[in-house]
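Number of protein chains: 2
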Amino acid sequence: MRIDEIDLRELTNSFEFFIKEGQEARLRHLLISMHPSDIAAIINRIGKDENRLYLFNLLDKEVASDTILKIDEAVREDLIEMLEQDLLTDIVDEMESDDATDFISELPEEIAKDVLENVEQEDAEEVKQLMQHREDTAGGIMALEIVSVNKNATVDEAILEIRKKAEEIEEIYNVFVVDDANKLVGQLSMKALILASGQKPIAEIMEKDVASVHVDMDQEEVANYARKYDLVSVPVVDDDYHLLGRITIDDIMDVIEEEASEDLQRMAGIADEEELREPSSFRIVRGRIPWLIFGLVGGLWGAEVIKLFEGQLAKVHILAIFIPIILSMGGNIGMQSSAIVVRGLATGEIDVKDVYKRIFRELKVSLINGIVLGILLFVYAFIRMDVQGGGSHSSTILPLELGAVVGVSLLTVILVAGFVGTTVPLLLKKVKIDPALATGPFITTSNDIIALFIYFAMATLFLNI
Amino acid sequence: MRIDEIDLRELTNSFEFFIKEGQEARLRHLLISMHPSDIAAIINRIGKDENRLYLFNLLDKEVASDTILKIDEAVREDLIEMLEQDLLTDIVDEMESDDATDFISELPEEIAKDVLENVEQEDAEEVKQLMQHREDTAGGIMALEIVSVNKNATVDEAILEIRKKAEEIEEIYNVFVVDDANKLVGQLSMKALILASGQKPIAEIMEKDVASVHVDMDQEEVANYARKYDLVSVPVVDDDYHLLGRITIDDIMDVIEEEASEDLQRMAGIADEEELREPSSFRIVRGRIPWLIFGLVGGLWGAEVIKLFEGQLAKVHILAIFIPIILSMGGNIGMQSSAIVVRGLATGEIDVKDVYKRIFRELKVSLINGIVLGILLFVYAFIRMDVQGGGSHSSTILPLELGAVVGVSLLTVILVAGFVGTTVPLLLKKVKIDPALATGPFITTSNDIIALFIYFAMATLFLNI
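Sequence order for the protein chains is A and B. The first sequence begins at 378 in the working numbering and counts up one residue at a time. The second sequence begins at 378 in the working numbering and counts up one residue at a time.
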């Protein structure tokens, strides 16, 4: 049974009702037909901690092990604190090495130590080994459970190896082929194994050209690599091509989603990745407020720029009218340029070495946009200010002059915004800072300050005020 | 051989050199060891159309068929126009049905018709069948090449079926099990097939609880579904669970990337998806300028709001100083709230039915942010305006009053921005418009207008001007 989104709410209500009534048999019966992902979705939605715990304790350990990994991080943390030590150990024993490592690194230090002491010796060693890799590298997301055979083996021997590993590894997509030094020399698809006769040496049917990734490769690059070459299971190797582990497609999909979410949030000015079901408003604020304060301070600089031109503003207060339009257009243009660059860098489609080509292109686009929009604004300012006549303080300013100043200012601001929006992410990438950081408040804020200066300087210069 | 990004540039140079020198043997030798994705990357980077064509014509038709799908759309369009009709037909014959359908729908109508007439009868019918589904649904991305067996078959019979389909289907991850009416009743992993003895009825070893998607399901939902249940190959069914086709993981990864790129671009105010290597600046402008003009018109409304308060501005021109800060903070807050909602809706983690909970949460967060930032701005305005003393036109305004007005305005604007940023995407989702559309220029622009009104209205009211 798989749940449509539509039932999720009602089902949660039923669960909460049965929990309240203590109808254990009924709950067990429901749970037995459900996928761990759906059980996790229900647990996420259940209101009370003790009800979550009650439900979780009804799961058998294999399902519990699959379920806990699918529960939202914020909910999981609270749940783990309430679980018995024995159950935690059993849960970890059921996990594949990559999941066990992620899970244990999330545990509070004391509990993690206890669990590592109590799980099977072999599992503990694997986890310790995997923990040495950085979390966001190939080594950090790989699993050690692989089916590998020596290149001198036969098809039957490969099948025997699969049989041996069958219980330990849930999904097997490939058999990796290694030489006597455990260096990766080929791979076999399950299809090829099924179709070949048993006595055939695997060296004859294996693909020799195997795509593999280095253990230190960044996880985003691993995802791009897997996508580029349509890989379902990516072997991970060290400097000398020794086979260390494999990354499966479900983990790669998670990486793609994670990186896309992270980029989007960073571009929106959210510092740490925010959980959608994060229960604490203060924790949310903590993630969001740093860039807001940065924006505020930037805004104060903008205020200072305007104060610089206070005299001009006092003479021609009508200048204030065009402040919002100049700023928002600069912001929009900067956003467009940087979104393209940030995304292209993330998917590997833009090469940092193409920087001049990219900047030139964005400048050309900005120029066209700037001319069109500048003319439109000129026309508006000319007509609208003309209607006003010389009635206000601005009597000395001709509509034509004012129109020209705002039009040219807008064009200039758009060119600068396009340039800044393109170069800042490229520069950040070059110094190995996440370019998505640049696109949000940082670009908007600096564009604001520059734009205000351009606008008032041009007004001062050309309006002779 | 697989290319690191590092060599791509040099390799392209070598290719261009060999092409110029007409060293066909050398080029063939290079190409033979390369993956179609890498050949496509080289073709993307080669400068001249005729050089691209020359290189492409050196590929054998199987490689050509894999390569052409990996070439950037803008480049591919030009290349296709130069290809011989016969080669086009051969290329399509080599493709699986989903790729062939995508490819043919991209062709100019005349050419598409010719190709459909010349490819194998069976392929042509499959393509026509697949073309009936909307491009962004499960039916639009599925392939018809599947291995399915009747539930009464044995393991040996399933293997025989795999052997029959082996040439037609490159990657086989699952065998689907159907009843006599072709309804999906189970599936078998390749692992299970390898490990079972040949005479075993597959009904005994198949998984009965199969995850499948409806043929009309939106592709983004399909991707979320596959990710949730860790599927590598998703069977597609109709209303009555008849098995129609399957979607493989590589296509799902493409969907995830595509949707993430699309969301990001839309949030940045880019109307049509922009190709990273789009050669025409005018085509880029065409995608970007609609929202810019929308932003300009919105900005003009902002200008009109300020003009409404022209009298007040003439009296207290210092009010202009805080326009940028009020606007940018509103923009930042709106961006944060909507980015979270848009992303959550895209990944299916936010349920439209949770709308009140979501709004309440964002308002709480906005309130905390607004109080903190409002106080900071109050302090700045108070101190900074105090230093100025009563020297300027604003002699009648006390720093304390001004500080209070900007502080409270900021708080109000932040609350409104948080509210708008959360509700607009949710509303759009409800009326089935892509919520990402809302986050860019639309929210920023409407926030600007509202914020200006709040600010000037408050100033008028509380400063008695």
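Heads up, some of the hints might be wrong.
To be verified - Only pairs whose alpha carbons sit at most 16 Å apart, straight line, appear in this in silico EDC-like list of lysine to aspartate or glutamate: (1) A/K605 with B/E634; (2) B/K734 with A/E547; (3) B/K568 with A/E726; (4) B/K505 with B/E473; (5) B/K447 with A/E726; (6) A/K605 with B/E635; (7) A/K605 with B/D631; (8) B/K605 with A/D631; (9) B/K568 with A/D615.
Claimed, not checked - Label pairs and their calculated CB-CB ranges: (10) B/L460 with A/L775: 57 to 63 Å; (11) B/I748 with A/G725: 41 to 47 Å; (12) A/K807 with B/E398: 20 to 26 Å.
Hints were generated in silico from the structure; no laboratory data involved. Glycine residues also receive a C-beta, built at the ideal position from the N, C-alpha and C atoms.
Which numbered hints fail: 2, 3, 9 and 12
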